[in-house]
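Peer 1: What follows is the residue order along each chain.
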Amino acid sequence: MSTIAVFIERRGGAIKRAALEAITAARFHADRVIALELGSDVDGLLAAYGVHEVVSIEHALLERYSSQAVAEAIAQWAKSRQVATLFFGATAMGKELAPRVAVHLEAAYVPDCVELAASDGHLDAVRPLYAGKVRATVRPLTERAVYSLRPNMFTARPAEQPSTPEFSTFTPSLSQEQCRVVVTEIVRNEGKLDVLEADIVVSGGRGMKGPEHFVLIEELAAVLGGAVGASRAVVDAGWRPHSEQVGQTGKTVSPNLYLACGISGAVQHLAGMSSSKVIAAINKDKDAPIFKVADYGIVGDVFEVIPKLIERIRALKQSSAS
Amino acid sequence: MVVMTILTCISYVPDTAAKIGVTADGSGLELGGAKYILNPYDEFAIEEALLQRERHGGRVVALTVGSDAAKEILRTALAMGADSAAIIAATGLDSFGVAANIAAYANAINASLVLLGRQSIDHDSFQMASTVGALLGIPAISVVSKLDIEGDRVRAERDIEGGKEVLEATLPLVVSVQKGINNPRYPKLPEIMKAKSKPIESVEPVAVSPRAAMVRYQVPQLKRANKILGDSDADITEFVRLLHEEAKVI
Ligand SMILES: Cc1cc2nc3c(=O)[nH]c(=O)nc-3n(C[C@H](O)[C@H](O)[C@@H](O)COP(=O)(O)OP(=O)(O)OC[C@H]3O[C@@H](n4cnc5c(N)ncnc54)[C@H](O)[C@@H]3O)c2cc1C
Ligand SMILES: Cc1cc2nc3c(=O)[nH]c(=O)nc-3n(C[C@H](O)[C@H](O)[C@H](O)COP(=O)(O)OP(=O)(O)OC[C@H]3O[C@@H](n4cnc5c(N)ncnc54)[C@H](O)[C@@H]3O)c2cc1C
Numbered sequence: 445m446s447t448i449a450v451f452i453e454r455r456g457g458a459i460k461r462a463a464l465e466a467i468t469a470a471r472f473h474a475d476r477v478i479a480l481e482l483g484s485d486v487d488g489l490l491a492a493y494g495v496h497e498v499v500s501i502e503h504a505l506l507e508r509y510s511s512q513a514v515a516e517a518i519a520q521w522a523k524s525r526q527v528a529t530l531f532f533g534a535t536a537m538g539k540e541l542a543p544r545v546a547v548h549l550e551a552a553y554v555p556d557c558v559e560l561a562a563s564d565g566h567l568d569a570v571r572p573l574y575a576g577k578v579r580a581t582v583r584p585l586t587e588r589a590v591y592s593l594r595p596n597m598f599t600a601r602p603a604e605q606p607s608t609p610e611f612s613t614f615t616p617s618l619s620q621e622q623c624r625v626v627v628t629e630i631v632r633n634e635g636k637l638d639v640l641e642a643d644i645v646v647s648g649g650r651g652m653k654g655p656e657h658f659v660l661i662e663e664l665a666a667v668l669g670g671a672v673g674a675s676r677a678v679v680d681a682g683w684r685p686h687s688e689q690v691g692q693t694g695k696t697v698s699p700n701l702y703l704a705c706g707i708s709g710a711v712q713h714l715a716g717m718s719s720s721k722v723i724a725a726i727n728k729d730k731d732a733p734i735f736k737v738a739d740y741g742i743v744g745d746v747f748e749v750i751p752k753l754i755e756r757i758r759a760l761k762q763s764s765a766s
Numbered sequence: 036m037v038v039m040t041i042l043t044c045i046s047y048v049p050d051t052a053a054k055i056g057v058t059a060d061g062s063g064l065e066l067g068g069a070k071y072i073l074n075p076y077d078e079f080a081i082e083e084a085l086l087q088r089e090r091h092g093g094r095v096v097a098l099t100v101g102s103d104a105a106k107e108i109l110r111t112a113l114a115m116g117a118d119s120a121a122i123i124a125a126t127g128l129d130s131f132g133v134a135a136n137i138a139a140y141a142n143a144i145n146a147s148l149v150l151l152g153r154q155s156i157d158h159d160s161f162q163m164a165s166t167v168g169a170l171l172g173i174p175a176i177s178v179v180s181k182l183d184i185e186g187d188r189v190r191a192e193r194d195i196e197g198g199k200e201v202l203e204a205t206l207p208l209v210v211s212v213q214k215g216i217n218n219p220r221y222p223k224l225p226e227i228m229k230a231k232s233k234p235i236e237s238v239e240p241v242a243v244s245p246r247a248a249m250v251r252y253q254v255p256q257l258k259r260a261n262k263i264l265g266d267s268d269a270d271i272t273e274f275v276r277l278l279h280e281e282a283k284v285i
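So the protein lines, in turn, are chains Y and X.
Counting in my numbering, the first sequence runs from 445 upward without gaps.
Counting in my numbering, the second sequence runs from 36 upward without gaps.
Careful: at least some of the hints might be erroneous.
[Said to hold, decoys possible] Computed list of lysine-lysine pairs in DSS-like fashion (alpha-carbon distance at most 27 angstroms, straight line):
no., chain 1, residue 1, chain 2, residue 2
1, X, LYS106, X, LYS231
2, Y, LYS636, Y, LYS730
3, Y, LYS730, X, LYS258
4, Y, LYS695, X, LYS181
5, Y, LYS721, X, LYS70
6, Y, LYS636, Y, LYS695
7, Y, LYS728, X, LYS258
8, X, LYS262, Y, LYS653
9, Y, LYS730, X, LYS106
10, Y, LYS730, X, LYS231
11, X, LYS106, X, LYS54
12, Y, LYS736, Y, LYS721
13, X, LYS223, X, LYS70
14, X, LYS181, Y, LYS752
15, Y, LYS721, Y, LYS752
16, Y, LYS721, X, LYS258
17, Y, LYS736, X, LYS229
18, X, LYS231, X, LYS70
19, Y, LYS761, X, LYS283
20, Y, LYS761, Y, LYS636
21, X, LYS283, Y, LYS736
If you're looking for bench data, these hints aren't it; they were derived computationally from the structure.
Take the sequences, apply the hints, and build the full model.
Peer 2: As structure tokens, this is what we get:
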């Protein structure tokens, strides 16, 4: 019987969506899905998502998060249970943890998967290379394999029938030497939705003409309940912070809607957003490359179009709310 | 105190503007004609190594795993100020094979700090720091935007979703750096000339079995609706309708 273990990442106690997406994908490819928790949070969501078993990894040395120790602990557990396939969300945490676990398990690490497909007894994965210009199908050549799944590429869907998971605790054997790195503090950008976690991203580029005009982007993002993103041109110019930069040297996002305003669509920008579900663009140049990858576009001036859009969308939200 | 050896690993990658194609049968990539450059993130790794050496003393060694042509980027690292450089001439390695070679070399020179870029813009895996760290049995911190070292104690900041993490660690350590951690220096002409005559050590690769294979490549098919409208009031209304009713994203 095939088993896939999924690492459950939490933020402020709540399970991250990337973990729910990984569980949903795991259900599809395995008969048994095991949720691996740090600590002993109990969550009805795991039953709703149909996991068969929940394992809490507990150890006094794990009180402060240490990627080194957690990777060691997960690998010890996987060996003890002979679990050969593990899924992580390709989040900041997952991307650091998963390759370490893979080394401890002598497993292949398959990063940033956007599709999974079983074929001849292998679980192959598709992943973008060269800034998304090509896609490769990667096949693990080892008995064990560790995958990280790009957020928002797999749908998170509760199981048809909720499960009654078995609960157990695993206590790894860890030494101080295996916790030589620890997280001592987490600083949040309060009150700001991150482009990595938003369903809608509204980005502005050099076509916005100056930092003062980003109020338009902020307002449009606010009516849509989305996050503000930016091209590198405006980040380099100091108009917007680096944390908002989308693209090859910024963040890779896959929201449900990516709306690019006054962005030309350079290949390095596309690298960070071309896997978005829906792409829309506003640009005054009908030949701007962004339109080639767009589902919907308006050829027009951002300063005329965006205020009208804000008005229409606000009206739409009000009519659907009443 | 022992002298700190800092290893900085750099990759030789097709320029981001390069056209990358797939062979007709999907079995390979067509990189013909692509111009190769120093991976942009690795400039920050080299600079960070030089800055740490300025603060703490020690020596900086630059390493690349790849074809002989990659010596070009080692010259850049030498011109920026690296003390020495080494190449492990091996091609066709998967990421794990590259990591195993980096780890073996780090061990051989007894590196106490290994500095990498956050991602190599060819395969964009973000994994090398963790993999090398695990192979060496030492901690690793990825996507670091600030690095302070005091004796063997390290304080780092790294970017995460919606904020940053502050971490503490001790040497030896592997770190991958984020853009913005420093401003890479531009080597001046005399340094570029001097770098040309510095020796580059050739290191025998260690043989490791690959852990993954790329079995097929494809050019992504754009399945985009591509409905491009004008800017009349009617067009803007239609644009909102399409997003709401057709795409159902707002
Ligand atoms: C299954 C598979 C098969 C492959 N086959 C080939 C092949 O046949 N030919 C080929 O050319 N490539 C091949 N590659 C790609 C090659 O292994 C990668 O380019 C590799 O160098 C690292 O990419 P990464 O995305 O894992 O690195 P990342 O984790 O994104 O890189 C992070 C950092 O690691 C350091 N780094 C990365 N690569 C090197 C390097 N080579 N030398 C020194 N430092 C480095 C840099 O500091 C970089 O910033 C293959 C990869 C895989 C997974
Ligand atoms: C190694 C490397 C890495 C890079 N990484 C990134 C990255 O991570 N992210 C990134 O974004 N870029 C990146 N770039 C830069 C990229 O090549 C482009 O330079 C950048 O994306 C351009 O930003 P832009 O679209 O805002 O500006 P421009 O290319 O100047 O485009 C501005 C657009 O606005 C339109 N416009 C102007 N006025 C108006 C108006 N009034 N109304 C409507 N439209 C208007 C114009 O028609 C034009 O299309 C990278 C480059 C390199 C070499």
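Peer 1: Each hint should be assessed against the structure and marked as holding or not.
Peer 2: To see whether the hints hold, each was checked on the structure:
no.	hint	verdict
1	LYS106(X) / LYS231(X)	holds, 10 angstroms
2	LYS636(Y) / LYS730(Y)	violated, 32 angstroms
3	LYS730(Y) / LYS258(X)	holds, 20 angstroms
4	LYS695(Y) / LYS181(X)	holds, 18 angstroms
5	LYS721(Y) / LYS70(X)	violated, 32 angstroms
6	LYS636(Y) / LYS695(Y)	holds, 16 angstroms
7	LYS728(Y) / LYS258(X)	holds, 23 angstroms
8	LYS262(X) / LYS653(Y)	holds, 26 angstroms
9	LYS730(Y) / LYS106(X)	violated, 43 angstroms
10	LYS730(Y) / LYS231(X)	violated, 48 angstroms
11	LYS106(X) / LYS54(X)	holds, 23 angstroms
12	LYS736(Y) / LYS721(Y)	holds, 15 angstroms
13	LYS223(X) / LYS70(X)	holds, 23 angstroms
14	LYS181(X) / LYS752(Y)	violated, 42 angstroms
15	LYS721(Y) / LYS752(Y)	holds, 24 angstroms
16	LYS721(Y) / LYS258(X)	holds, 10 angstroms
17	LYS736(Y) / LYS229(X)	violated, 47 angstroms
18	LYS231(X) / LYS70(X)	holds, 21 angstroms
19	LYS761(Y) / LYS283(X)	holds, 13 angstroms
20	LYS761(Y) / LYS636(Y)	holds, 21 angstroms
21	LYS283(X) / LYS736(Y)	holds, 21 angstroms
Violated hints, listed in ascending order, are 2, 5, 9, 10, 14 and 17; each of the other numbered hints is respected by the structure.
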